[in-house]
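First to last, the sequence lines map onto chains A and B.
Just so you know, we're using this note's numbering here: the first sequence kicks off at 1 and counts up by one.
Just so you know, we're using this note's numbering here: the second sequence kicks off at 1001 and counts up by one.
Simulated from the structure, these hints should not be mistaken for laboratory data.
Quantities reported herein were computed from a predicted structural model and do not represent experimental measurements.
Backbone N, C-alpha and C define an ideal beta-carbon position, used for all residues, glycine too.
Careful, some of the hints might be misleading.
[Said to hold, decoys possible] Capping the alpha-carbon separation at 30 Å, the derived lysine-lysine pairs in DSSO-like fashion look like this: (1) B/K1061 / A/K41; (2) A/K22 / A/K41; (3) A/K19 / B/K1068; (4) A/K36 / B/K1049; (5) B/K1068 / A/K18; (6) A/K22 / A/K36; (7) A/K41 / B/K1104; (8) B/K1068 / A/K22; (9) A/K18 / A/K41; (10) A/K40 / A/K19; (11) A/K36 / B/K1061; (12) A/K18 / A/K36; (13) B/K1104 / A/K19; (14) A/K40 / A/K18; (15) A/K19 / A/K36; (16) A/K41 / B/K1049; (17) B/K1049 / B/K1061; (18) B/K1049 / A/K18; (19) B/K1049 / A/K22; (20) A/K22 / A/K40; (21) B/K1068 / B/K1104; (22) B/K1061 / A/K18; (23) A/K22 / B/K1104; (24) A/K41 / A/K19; (25) B/K1104 / B/K1061; (26) B/K1049 / A/K19.
[Stated by the list, open to error] Chain A side only, calculated, beta carbon under 10 Å to chain B, not exhaustive: (27) R9; (28) Y35; (29) P42; (30) L45; (31) V48; (32) S50; (33) R54; (34) L90; (35) C91; (36) G96; (37) Q105; (38) Y106; (39) F107; (40) R112.
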Amino acid sequence: ETGVTQTPRHLVMGMTNKKSLKCEQHLGHNAMYWYKQSAKKPLELMFVYSLEERVENNSVPSRFSPECPNSSHLFLHLHTLQPEDSALYLCASSQGLGREGGNIQYFGAGTRLSVL
Amino acid sequence: AQSVTQPDIHITVSEGASLELRCNYSYGATPYLFWYVQSPGQGLQLLLKYFSGDTLVQGIKGFEAEFKRSQSSFNLRKPSVHWSDAAEYFCAVGAGERSYNTDKLIFGTGTRLQVFP
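With the rest of the complex left out, here is chain B (with noise of 0.2 Å):
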């Protein structure tokens, strides 16, 4: 059955230091992947998402990630961390019965940032 792990329950790090949130995935075809954000008292926003081509992809607010389909992993990464960024970081993977099915979506239970000044 398709998954996705995201280890990090709670990552801290200073303003202006790097950051990579890490996901893994179980999925057997292509997979389609994203990341969402969500800040306090609000809703999911898509941050970046890969559906083919090019595996490091660039998203909104400074954020990129990477497709390692060797390792099984979409990791999210920021070069300097703005505490704007404290927020819940959900990876999710797109799963369907077709191959370009990604109407059904597949949640980690999300890594929390909290940043310090």
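Okay, chain A solo, but in the shape it has when bound (with noise of 0.2 Å):
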């Protein structure tokens, strides 16, 4: 039980379907992440949320669209995507943005995602 917790766990998509990933973290955190997993490649940070605010956008492609209604939620929606979007998306938590010490992201189990 690593506190944060992704739905679905699989998911395969049309190009033309639209669709939502859902991450809520129990852990008290204030910063929120979305990461891409391909295989073969290292994770690629997509968006970073500080108290549900915005604060990088890794020049992801605007058919994916995120959402962070509150410290807790974390959503990735989805439309018009291509094969090549398939991957393992996972979120993660930390504490908060810029905490002198250090920062430790906690991940979620991910969503593999398929598109066909």
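Now that you have both chains on their own, put them together as the hints suggest.
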């Protein structure tokens, strides 16, 4: 039990579908992150939220749309995806950004996305 | 630019053997370093971290890592591997604009560990 829960665990969608990934953290953290994990590539940071405000958008295409309604929940809305978007999408949370002494990110189990 | 290199894509060891996974980083300031483990179908679990102080750090599950500034390395070790250690291991460096900023993590490509009985 990591304290970060992602749903669904698996998702198959067509290129014209709209779907959403959900992440919930039970750790009382103030920062949340979306990462993309593709085979044979390092984890790619997509978005960072701090206290529900987006502070990082790592050149992610607009077909990925994040939403952070409160510090415990983070969504990734997906529309008109491409097959190359198939990957494991990981959510993480941390106590807060810019903490002197260091910051530790805690990860969820991920959503395995397949785009057909 | 900051980067992390894990030169070994795949390592196979026998159960009970010792293990060393290599990690080299490129970062101008004092690095904050992490090792994470990912079991099949799971997210990343933090094994250990180095922020400052003693360069030999202890982690969970009997793992340790040593920070060597002169070699820009942070290798992960375990004296005796168990079959349950089979997983993928990721080294990461915390990188940000301020010296204490670990908000961004730069990951290596990972090392897959296979353990034979």
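Verify the proposed pairing of B/K1049 with A/K19, using a straight-line Cα cut of 30 Å.
Answer violated: B/K1049 to A/K19 is near 36 Å, above 30 Å.
Hey, B/K1104 versus A/K19, does the alpha-carbon distance stay inside 30 Å?
Measuring from Cα to Cα gives roughly 27 Å; hence the hint holds.
Does A/R9 hold up as a contact with chain B if the rule is Cβ-Cβ below 10 Å?
8 Å, holds
Hinted contact A/R54 with chain B - closest CB pair below 10 Å:
Hint violated; A/R54 Cβ to chain B Cβ min 13 Å, cut 10 Å.
Is the Cα-Cα distance between A/K41 and B/K1104 30 Å or less?
17 Å, holds
Between A/K19 and B/K1068, is the straight-line Cα distance small enough, at 30 Å or below?
45 Å, violated
Please work out if B/K1104 and B/K1061 have their alpha carbons no farther apart than 30 Å.
Distance ~26 Å between B/K1104 and B/K1061 Cα, so the pair holds.
Verify the interface restraint on A/P42: the C-beta must sit less than 10 Å from at least one C-beta of chain B.
Since the shortest Cβ distance to chain B is 4 Å, the answer is holds.
Assess, step by step, whether the Cα of B/K1061 is no farther than 30 Å from the Cα of A/K41, and give holds or violated.
The given pair, whose Cα atoms are some 26 Å apart, holds under the 30 Å limit.
Taken at face value, is the distance from the CA of A/K40 to the CA of A/K22 at most 30 Å?
OK: A/K22 and A/K40 at ~25 Å, within 30 Å.
Agreement of hint A/L90 with chain B interface, Cβ distance less than 10 Å:
6 Å, holds
Mind checking the alpha carbons of A/K36 and B/K1049 for me, to see if they're no more than 30 Å apart?
Judged against 30 Å, a Cα distance of about 22 Å means the pair holds.
Going down the numbered hints, you'll see the structure goes against 3, 5, 8, 18, 22, 26, 33, while the others check out.
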